[in-house]
Every structure is written in C-alpha cells, then in structure tokens.
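Q: Given these sequences and hints, build the entire structure.
Chains as they are written, first to last, in the numbering used here: chain A, 1 to 788; chain B, 1 to 443.
Accuracy of the hints is not assured; some may be wrong.
The calculated lysine to aspartate or glutamate pairs, modelled on EDC-like cross-linking and capped at a C-alpha distance of 16 Å, are [as the list claims (entries may be wrong)]:
1) K583/A with E735/A
2) K558/A with D532/A
3) K453/A with E464/A
4) K188/B with D146/A
5) K8/B with E470/A
6) K8/B with E471/A
If you are wondering where the hints come from, they were derived from the structure by calculation, not from laboratory data.
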Amino acid sequence: MAKLTLQEWLHRAENNPHFLENVTALKHIPAQNGSYAPYPDWIHPRLKEVLKGRGIHQIYSHQAHAIDLIRNGKDVVLVTPTASGKTLCYNIPVLQKILEEPETRALYLFPTKALAQDQMHEVHSLIGQIKADIKTYTYDGDTPDDARQAIRKQGHVVVTNPDMLHTGILPHHTKWQKLFANLKFIVVDELHVYRGVFGSHLANVLRRLVRICRFYGQEPVFICCSATVANPKEHAERLLERKVELIAKSGAPTAEKTFIFYNPPIVNRELGIRQSALTPTRNIATELINNNIQTIVFATSRLNVEVLTKYLKDRFKKKSPVSDHFVTGYRGGYLPHLRRNIEKGLRERRIMGVVSTNALELGIDIGALDVCIMAGYPGSIASTWQQAGRAGRRSGSSVAILISRSTPMDQFIVEHPEFFFASSPEHCRISPDNLLILLHHIKSAAFELPFEKGETFGGENLEEILNYLEEKGVLHQVTDRWHWAAESYPADEVSLRTINPENVVVVDITDTGNHKVIAEVDWDSAFTTVHDGAIYMVESRQYHVDKLDLERNKAYVKQVDVDYFTDAMTYTNVRVLDGFDIKKPGKIIVEHGEVQVTRKVVGYKKIKFYTSENVGYGDVTLPEKDMHTTSYWFTMPWDLLDTLKLRREEIIDGLTGLAYTLHHLSAVVLMSDIRDIDRCIGDKSGEWFVRHGNDKRMITSSPLSGQSDAQVMVDAYDPTVFIFDAYPGGIGFSELLFVQHDELLRAARDLIKACPCEHGCPMCVGPALEVGPSAKQAAYAILKLIEK
Amino acid sequence: MRVTDKLKRLTGETDKLPKLQSSNETINELRRKIDTVIERSRRIEERHSASFKGKAQPLESVITGEEIVNEHGTFYFTRSTFHESSSHGCRMVGDLADIDMRAAGLIAGSSEIALMNPADGLYLDTETTGLAGGTGTFPFLIGLGWFEDKNFVTSQLFARDFPEEKAMLNFLQEIAAQKQFLVTFNGKAYDINLLSTRFILNRLEDPFINMPHLDLLFICRRLFRHRLENSRLVTLECGILGFERTGDVPGYEIPQRYFDWLKRRDARALEDIFEHNRLDILSMAALNAHLTELVGTGTNPPDTHPGDIMAVARLFFEYGDSVLATKLYEELIHCEYTEVAKETRRQLSLIHKRAECWEDAARLWEIMLADNPLDLFAVEELAKFLEHKKHDYTRAIELIEVILDRPVAVAPFEHDALIYRMERLKRKSGLHLTDNGDNENPE
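A: Following this line, the structure appears as structure tokens:
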C-alpha cells in the first residue's frame, strides 16, 4: 500500500464522517507573513556577517524591538511562539557587548540541563563563526571538576540551571568573582515554567543573585522569554521584583497548522463513560507512523507513557520486523544517555514515533515532527500550544490533535473550543513569600553574605525572621549584622523543584549478581508508584516492586511479564488550623486559611491492560505524610442540608460529587495544573472524612480522634468541602478560590446541568460507581440550596 | 499572626492543636522512639557543657595574648616560641630549621622555592566554623609559624567575633608581606582557598595569590601511604614524627566550641583549640624537615623505613631523575622487607629495560625467579628477553612450563597469554632447530 503524505492523510480524515463524528473543532491556522526590520547600525560587522551568512538578512520586528530595549539597559520579557527566533533576541545584544568589551559576562538560566546544553551549542556555533575569542560553557552537575575552574574564570557566557545557581554558584560566589564583577546580562528563558513552587523558589534565588551582583557592584539587565501566558509582564515583575518591558507581538512568520479537538465517543450513556483517550490515540498514532509520518504523542502521566509505548510497540512488532526503537517512550526518570539517544533518533528520523510526558514540551532539539497527538488535555493552554509546537517548527504544514479524557477539565476545553482559541491562556502564579520557601532562601542568603540591619529580602519582616534563625542557632547577630554561624551548607537542604529533595532509586535485582539502577523516582511519587507490590514500568518493560526501602531510599524490583498495571489508592484528611478570612453568602460559611493535610497510601488496584478491568487489590503499609498548607473551604450546616429531605449518605455522596466538580473547575478557573490543588470532604476539625475504598465509599473517623464510630462524628460536625493547595505552605491559589467562590459554584451548576449522563459520570461529578448513584442529583440540589 | 508564629507552626515546632489521644499503636511507638532520640541528644549536650561548669573565664585569663588595633578594628593576638632545645616527637626543634631548599622546591614543584631561605617560609593553618566550604565558613583562628634563628615562633590571630575578621586579615597581609613562601597541610584545597574567599568578602587584596606554596599533604600521601592507614596530620605525627598528643580536641568539636564561645564568652572551651592549632603548625615544620631530608640528596636519615625510600625513588623517577632513583633502588634490592625488595626489583628492572640495559634488567629478573620461580612478572619479562634478545627459546619455554605446571598460579587470561607465547616459542624453536639441520621433532 502506498504511503500517504500528511496532506493526504489530513484530507481523508476531514472527509471521513466516522472520524468527524467525534471532532468538536477542526481549525486551520493559516500561515502568517513576517514583519521585519533592518539590523541596527551599531551591530558589529562580523556578527552581522555571520547572521547574514545564515540567511538572516533582516531581523523580525520583535527582535529589533527587544535588542533596542536591552541595548538601552531595560529589563525585558519576550512572549513569543515556538520558532520565532527568540534566542537571537538575547544572543545579539550579549555577543555584541562582549565584542565591544571583552570582559563582559552573561549568565543564561534554563529550567533543565538538556535545554542548557542545546543553548550552549547554539551560542557556541555563532561564536565559532564570528571567530571571536568568546568562551561559552554549560555549568551543571555533570560538569567535570577539572573544567570548573576554567569556566569560573574564563566563561563569557555561562549557561546553567536554577538548581546549580542555587547550590553550586551562589554559595561559592567568591570563586565566581570574575563573572559577578562583570555580569551585564542575565537571561531567564522558559519563564512560564517558573510558577507554583518552582517559580516561588526561583524568585528567591533571583533575590539572592541580585544581592550578590550588588556586592560586586553590578546591576545586570534581565532578559526573560516566556511562552504565551495571560500575565507575562506581571509574572516577570513578580519574579524579578522590578519593572520590565513587555514585547508580545511576534514578527515571525508562522507555518500552516491544523488543530483538531477529538472527543472520544460515549460508550455507556448511563454511566457517562467515554472511550479511553488512549484508544483513539493508539489508533491514530499507528496509522500515522505506518505512513511514515513522524509523530509525537504526549501523555499526561508517566504511567500513560509506558502503557501507550507498550501498545504501540506491540502493534509494530506484530506487523513487521521493524526495529524495537522505531517507536519509543521518553520521560524524566530515563537515564540521561538513553534520553540523548532518543533525541538523536528523532532528529535523524530513525525513530518515527515517540510517546512522551511533558519532558519534551520545552525546547529540547528533536527536530520538526509532523504530527503531535495529545492524549489528554495537558492541563494548561500554554502547555497545549507548546506541545502542539513540537510538530512543524520551521515550515510546511503540521497537525496537532487534542484527544480529551473523561475529566471535567478536558471536557470543558474540547466542548468550548472558543475558550481555547480566543482566550489568553492561564496565569502564572507564584508565592515567593511562602514562609517555608522564604526561610530556606534567607538561610542560604545569610550563608552567602551577612545580612545588614535595614536590608530587605522578600515581603515579610526580615528582621523577625533573622532573629528567629538566631534563636535556632544558625545565625549570630553582632553590630547590626547577622552572620551564618552553623556548620551546615543550607543550599543543600532544599530542592527547588519539590519541597522534599529526596529521591528513591529503583534497583533491578532480576539478575542476582548484577543489580542495576534503572530509574529514579522523587520521594513523593515513590509512595504511589513504587510501593510494595506495584508494577513499575520503564521503556514499557514491567517490573514488580519487591520492596520499597524508605530508610535507604531504594526500591528493589524484578522484571516480570504480567497483563496488568497498578494504580495506588490514597486517602486524605484535612483539618483547619487557622482561618485568614471568612464570608457568609446565604446560609453557608466560606473561608480560607491554613490547614493540616494528612495523606496515606492504603492500597492499590490491579488494572488489566486493554480492558482496564479491575483484577484485584493489594494492601500497602506506608507511613502517613503530613503537610501544612493553605485551603479554601465552605461549611454547610446540617440543619440547612437536611431541608433537602435526602438521606445523609446521599448528601455525603452529593458533596463528594460536588467536590470532584469543584476541584476540576478550580483548575480551569485558576488556569492551573489539576495536580497543584486537591480536595477533601470532612469537617473543619478533621474528626471525620470521606474515603474511597475497594469499590465503595466510606466515612472514616480521624485516626487521631479515638472515636471509632464515624457516624457519631458525622452527625456532630457539619460537613465541609476543602479545595487546597497541594504544596506545603501553599502557593496562593486558595485565596483566589475564596474570592471566586460564587463564579465557581455557578460554573459547577452549569456543568452538572448540561452533562448528558444520568447518574453522574467522569465529566461532571465523577463516575457513578465511585461517587454513588444519587450523587449527581444530590450535588445539583445542594448547589441550588447553597448558591447565593 | 506574627511571622515567627506562622513559621513555628509550619515547621511543626508548636503544636497548638488540641491534643488528641491517639488510638493508633504505631504512632505511639513512633513518638516513643522520637522521645528517646531527643532525650539522648539532650543528654549528650548536657555532658558536653558539663565539662565547663562554673563561672565563665575571660579570654585574657586563659590565653596569653594581646588585643591588636589597626585601621580596620581589633582582634586578639598571641605569640609564643618553641625554643630550639625543646623537642617535638623524636626531634629537637633546633634541628628543624635547616631545610634543604632544593628538596623543598622539588616537593612543591616550584623552582622559586628552591632559591629561597628556610626563614622565608610562613607555616599556616586555620581553625574554622565548618568543613562545608563556600562563603559561609568562617576561619576564626589563623595560626602562623616561622623560624627565627633556630627557634620556631608561632603566632595566632583570633577573631573574637565576626566583625574582627577584617582587622585580622589585614594583619595577616602584613605578615605575609614579610615572607616568601607558604607551607601548609592541605592548604591548597582548604585553608588558602578559604582565606582567598574571606579576602574577597572583606574587599582586601589576597596576599597569597602568587605566593609559592608547599602543600605537605600531597607528598605525604605519596610517600607514606604504604604503611599508614590515612594521611591525617595526627596519624603522620604518630607514624613519622614519633609524637603523640594527649587530650587533643577532636576536629569535629571545634566549630561548636567557637559557637559556644560566641554565646557564652567562656574562653575555657577555646584553650584546647589554640593548643591544637599551635601543635598542627609545629608538626608541619617537623614534617617539612623530615620530608626534605628524605627527598634531599639521597642520603637517608638513619632508621628510615625502606618502604619510604622506595617511595622516594619512585618519586625521583617520575620527576625524571632516573639516576637518583636507580641509586636509591640499588640499596633496596636485598632489603629485608620482602615486599619492598620485590617491588624494588620490579621497578628497577623496568628502569633498566626502558634504558635498554638488558643485562642489568635480566640480572634482576633472575634474582626474582631465584626467590620465586612462579613470579609471573619475572617469567614473562625474562621470557620476552630470552625470546627477542637472546633467542634462547629453550630456556624461555622451560620458564613458562614451570609456571604452567601450577595452573593455580595464574588467572585464566594470563594462562591463555602464556600458552600463546609458548606456542610461538615452540614454533620459533622448531624453525631454529630446522635451520640448524637438527632433526628433532619440535613437538
């Protein structure tokens, strides 16, 4: 059979009624002409020559604008789509300045090592062509010790990541004297990645960086680049704590792209169950790869990456004796050399299909692919555009297909394409003054330079925190200065990416004499992915976890071949510690404040491949994890709820359903990742909470309450719905939800009312099997009751 | 709410929540364990502070010294002398001053040092608030030493608190200006590195940036690894200098003692640190004297361990002085330490081999074989020599056969290599015999 080109495939799809049945949007985004500007006259002739040699005879209007502002010492943030030449916006002014004043130094920050490597090669090749004595290096955990000294002294452009800046550079700034004493530019690329916890940390790392620069008498210009988000200027200004100029209008031409929203068919109307997003993903990807159309599939979880990779590998093995690497998985946790091989295979088009987590979303060079399939909404509009941008980066046409899952968020997006195409994508939010985060960085900053009286760092009362740290014995105050007075190295105590820097190493002990490390899992996910009895998958190979050893941070696994995977079950219990604000719309009480969240993994389900049948359960005994964070909640008095004339079980089911809807809608309203927030039903003092067990719901009294009869507790304490920040200390979402309470309830009512299912489904209040048959009606009734 | 209160709650220090009776045994168990740990560390702390009971003593009454005032402030200064007639381990202080500077230059890898005077050396060692490195580690005590005539003078610069650092560093600059080279123990990686950071932080010129530097750690590791379990200064004192400390403060206690001093101003906790530091500096001087003698002209101090001499010989060879290396090795060929003798013969034979002094090399291999006919190295080298230089295939085959008869003597891959060599030898010897018209079947 002759292979189809992408154009032919698209043409067929557009005329296939069977396919179109499930398409909720098919949008051709036409190619766009560029808007250009001449090179500024101050540009160094050799630099200009090299760029012209690369076919760049004039620059885009946004590049000209940025270069001009930077030249004049303005801090800028550029918002530009993929492949719009943003790197030149900083490379031109930086290289120009170094050519003029060879002592000039620049620091580039990228969120990952891989991106830093890519960028270093880019700058390196420019320098090579200019034939100038300009040195550029990456500096990260992989940099050999003997190279480090040369990099510190000679590197004009040092490319690194925030983590290395935090632990390796700032605490040793005197070794970097040459760099800091001449630092004129700081480039922060992929700015939109720095939100939530990571962003809150970065804001503090930048506070420290600026503080060190000032010690050496420098006020460098910040050049930031971001994907399209709603509040780039505000976000940059919050991160940098200074005014920045926004450049948002891209002058780059864009290639033609077709965007398809595909909502899998409903297979059970009563239960409102749609076909799994993985099924059409698998079918479409197979068809495309069969036609030699290079395809990238983004899955929403590591587990889905492995499941899909296995499906695709199975399909291609059956069909023809193609190489095992014709299709492959890609995600964090794969060891670096394997990742580099996959990237290379994609650039060389040896690999025709790759299934990835969002690890490939950012600008790692994998060449231009033809089609991008997203198996599930990536969680934010910015991510969706970035992932779609992986197909057809340079020219020609490309296709992006978003296949929705049965979650309210996915359904909301595919059923409201106008929201996606018209509205600005989400807001980036950070909370740099989250006390735990701030405290870590104040310690690190004190280690770097003593604090002086009157100095500021963040929005909290610095002197009080310094005194607190002195009380803790890590600082020593004398004559209006606070000195670091402890043996430890504070930057090592905190990871920027998570609150807990610990990792669990996965060790394959299949071969007794030859134990191998096959992956790393961060501490928090270890509880749900490598608990005893879990099936852990890497490169679609299955491993059975024999033992999770939390003391040694190791999980011992053996390779197995089974027809199921595992999914952990957890419970969550919340109790209020402190209310920050309160309002009483109608008869309920809405609050936000600080809470204690206790989570425990209690067991796991075994789920059969392909059929997704539940084929068994297992118990897990792992310690509870405690977290203090911020939450938004509302409490409904029983007196009010009882007017509904429903049984209490039905009310609890209704609240469970309502919480499900609110959790998902909160993510849409906040435009945040669904995993950044979480939910719980219980009462304000944590005396009871709702927990999901083996196919049934139960109400549990708190393990601390000592009251074994949960029913007594339920009657005694009014039910509360909690939607809370999923990070210790909170990152500012709760207050926003508190403010948006009315809008949230209204959206929930609309969603439940409009949903075609009968008794609740994953698209509104959650699957009826999980939330109970009366949940949908009850939730709707409760909403009407409590809405203002 | 105050920031501190919020912090305390986030870090779990204050438990303002209602105390609930836990029904869960495992949680109670955990709590008990935690309590035990807390109790234990509290007791350790008590014991620690118990050693300095009673009224705090001021610095001047414990450590004889004076306050120095300069343009950057004040700090505390001590000066004392180890008289030439006093002893340190098995040596007299007066004997330490006369250093072979050519040897010192060799050790430091610095031709500049070779031309300097022993009295121009500045011995330096710091005591710090930790080993973490980076900008947050503070060298609160800088110990210095130098020779005046035959006496060894030590002086210590002490920052009684952080603000005294600048005055102290300024004074260090002045002393450094009067000296020509540095002697330290691990100073390249640690002390000087740290001081360089402190000079930058205090915006002062770093006086050590171009000063020739003799770091004793590296050479000690090279020379004494064969007989000492580690290269820590106290181990070297014991094993090399014959000096044993009594009541020395353990290094890991030093930071905490300084932090305690900052809080309580009780100088008794510091006394041991000053003494520890002074001894460190004197030991560096003694070590330097010993090392320069060892590496000096090749005449060894009496009672030198033969293994040390062998290590020196190897050092010379690596520095390109194979004549001196050969001379030292020759004396060790029949050393009573069999390991030393064996290694010496091996090393020396390789020097001869490289110089193509085949007969000298062969003589050593023969000695080795006489000691042990199964010495694989000697068998291989001698067989090569017999095959390629002497064309004495029969003897070569004999040597190999001896070792092949005892298969346990060699590892499998070595065994294969020997078989291969022997087959080649047999082929060659066959040809050889045929050439000579001999009819004997080579098999």
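Q: Next, verify each hint and record whether it holds.
A: Structure-based check of each hint:
A distance of roughly 12 Å separates the Cα atoms of K583/A and E735/A; the hinted pair therefore holds under the 16 Å criterion. Pair hint K558/A plus D532/A holds up; C-alpha atoms about 12 Å apart against a cutoff of 16 Å. Among the hinted pairs, K453/A with E464/A is consistent with the structure: their alpha-carbon atoms are about 11 Å apart, no more than 16 Å. In summary, the hint linking K188/B to D146/A is supported, as the alpha carbons are separated by about 15 Å, within the 16 Å threshold.
Distance check on the hinted pair: K8/B and E470/A sit about 14 Å apart at the alpha-carbon level, within 16 Å; holds. A threshold of 16 Å between alpha carbons decides the hint, and for K8/B with E471/A the separation of about 12 Å falls inside it, so the pair holds.
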